[in-house]
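Asks: So the sequence lines, in the order shown, correspond to chains E and U. Heads up: take any position in the first sequence, counting from 1, add 287, and you land on our numbering. Heads up: take any position in the second sequence, counting from 1, add 413, and you land on our numbering.
Don't read these hints as lab results, they were simulated from the structure. Hints should not be assumed to be uniformly reliable.
Unchecked claim - List of simulated lysine to aspartate or glutamate pairs, DMTMM-like, C-alpha gap at most 20 Å:
1) Lys517(U) x Glu394(E)
2) Lys290(E) x Glu455(U)
3) Lys290(E) x Glu394(E)
4) Lys481(U) x Asp415(U)
5) Lys520(U) x Asp373(E)
6) Lys520(U) x Glu394(E)
7) Lys346(E) x Asp415(U)
8) Lys349(E) x Asp373(E)
9) Lys490(U) x Asp415(U)
10) Lys490(U) x Asp480(U)
11) Lys517(U) x Glu331(E)
12) Lys344(E) x Asp415(U)
Stated by the list, open to error - To be clear about the criterion: a stretch of chain E counts as covered by chain U if any three or more of its residues have a C-beta under 8 Å from a C-beta of chain U, and this derived list gives those stretches:
13) 355-366
14) 377-383
15) 389-397
Here the structure is a predicted model, which is why all the values come from computation and not from measurement. Note that the Cβ used here is the ideal one computed from N, Cα and C, for glycine as well.
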Amino acid sequence: GPKVLQIPSHQIIDMGQMVTLNCDPVSNHLYFYWYKQILGQQMEFLVNFYNGKVMEKSKLFKDQFSVERPDGSYFTLKIQPTALEDSAVYFCASSLARNNQAPLFGEGTRLSVL
Amino acid sequence: GDSVTQTEGQVALSEEDFLTIHCNYSASGYPTLFWYVQYPGEGPQLLFRASRDKEKGSSRGFEATYDKGTTSFHLRKASVQESDSAVYYCALSGGSNAKLTFGKGTKLSVKS
Numbered sequence: 288g289p290k291v292l293q294i295p296s297h298q299i300i301d302m303g304q305m306v307t308l309n310c311d312p313v314s315n316h317l318y319f320y321w322y323k324q325i326l327g328q329q330m331e332f333l334v335n336f337y338n339g340k341v342m343e344k345s346k347l348f349k350d351q352f353s354v355e356r357p358d359g360s361y362f363t364l365k366i367q368p369t370a371l372e373d374s375a376v377y378f379c380a381s382s383l384a385r386n387n388q389a390p391l392f393g394e395g396t397r398l399s400v401l
Numbered sequence: 414g415d416s417v418t419q420t421e422g423q424v425a426l427s428e429e430d431f432l433t434i435h436c437n438y439s440a441s442g443y444p445t446l447f448w449y450v451q452y453p454g455e456g457p458q459l460l461f462r463a464s465r466d467k468e469k470g471s472s473r474g475f476e477a478t479y480d481k482g483t484t485s486f487h488l489r490k491a492s493v494q495e496s497d498s499a500v501y502y503c504a505l506s507g508g509s510n511a512k513l514t515f516g517k518g519t520k521l522s523v524k525s
């Protein structure tokens, strides 16, 4: 079946550096999401994105965060600069439509900020 | 804003036991409700969804019924197996921004 791919699966960086997390969504999907999960805790909404624009973002989506999907390529989450509290697993999801369509999730990128 | 409450943080059962995980929601309008399951090292996978009052969703022996009166969507399974051990999330989506809001999750452990 269709899959959301996330690259890389694990990223280790030093605090203060920039990191870009990549997501390859399902090809005909229109809505894109990022979620953050600290080990053993709940899925926390960061942002969703449609038609080239952020639809909604949470208070966890700090000024250091940005998202884009240039020309239908990867949907990316950039953090610049990173902080220790950014260490978590970041999940990307995509869906064809909103609300009654269940977003399909990738397997996550584990980000470790040292 | 929208919210989802899962009462049980952890549930420990033996094989063939009956499972109930409680989920209550708060949202304006008529949200779509979901149950997702997450295995270690993986992303959440959809179990099933329901979009209207009294609609029952089901998959792999799990089921839940959308109850607008009690704002609930409790997950049930008649006979659990060890392979059902995972974290289960209740979630909702509603409003104009397509945001999916998760509950805190319930870790199910089933011993043989």
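Asks: Next step is simple, just say for each hint if it's right about the structure.
Replies: To see whether the hints hold, each was checked on the structure:
1. Taken as a hint, the Lys517(U) and Glu394(E) pair is honoured in the structure, with Cα atoms around 19 Å apart against an allowance of 20 Å.
2. Using a Cα cut-off of 20 Å, the hinted pair Lys290(E) and Glu455(U) holds, with the two alpha carbons roughly 13 Å apart.
3. This hinted pair checks out: Lys290(E) and Glu394(E) have alpha carbons roughly 9 Å apart, not beyond 20 Å.
4. Proposed proximity of Lys481(U) and Asp415(U) is supported: the alpha carbons are some 15 Å apart, at most 20 Å.
5. For the hint linking Lys520(U) to Asp373(E), the alpha-carbon distance of about 24 Å lies beyond 20 Å, and the restraint is violated.
6. For the hint linking Lys520(U) to Glu394(E), the alpha-carbon distance of about 18 Å falls within 20 Å, and the restraint holds.
7. Between Lys346(E) and Asp415(U) the CA atoms are separated by roughly 15 Å; this keeps the pair inside 20 Å, and the hint holds.
8. Distance hint between Lys349(E) and Asp373(E) is fulfilled; the C-alpha atoms sit about 10 Å from each other, no more than 20 Å.
9. With a C-alpha separation of about 27 Å, the suggested pair Lys490(U) and Asp415(U) falls outside the 20 Å cut-off, and the hint is violated.
10. Taking the CA atoms of Lys490(U) and Asp480(U), the gap is near 17 Å; set against the 20 Å cutoff, the hint holds.
11. Straight-line distance between C-alpha atoms of Lys517(U) and Glu331(E) comes to about 9 Å, which keeps the hinted pair within the 20 Å bound.
12. A distance of roughly 14 Å separates the Cα atoms of Lys344(E) and Asp415(U); the hinted pair therefore holds under the 20 Å criterion.
13. Residues of the stretch 355-366 of chain E lying with their CB closer than 8 Å to a CB of chain U number 0, which falls below the three-residue condition for coverage.
14. Interface restraint, the stretch 377-383 of chain E with chain U: holds (3 residues with C-beta to C-beta distance below 8 Å; minimum three).
15. Counting residues of the stretch 389-397 of chain E whose CB lies closer than 8 Å to any CB of chain U gives 7, so the stated coverage by that chain holds, three being the minimum.
Violation of the numbered hints given earlier is confined to hints 5, 9 and 13; the remaining hints are satisfied by the structure.
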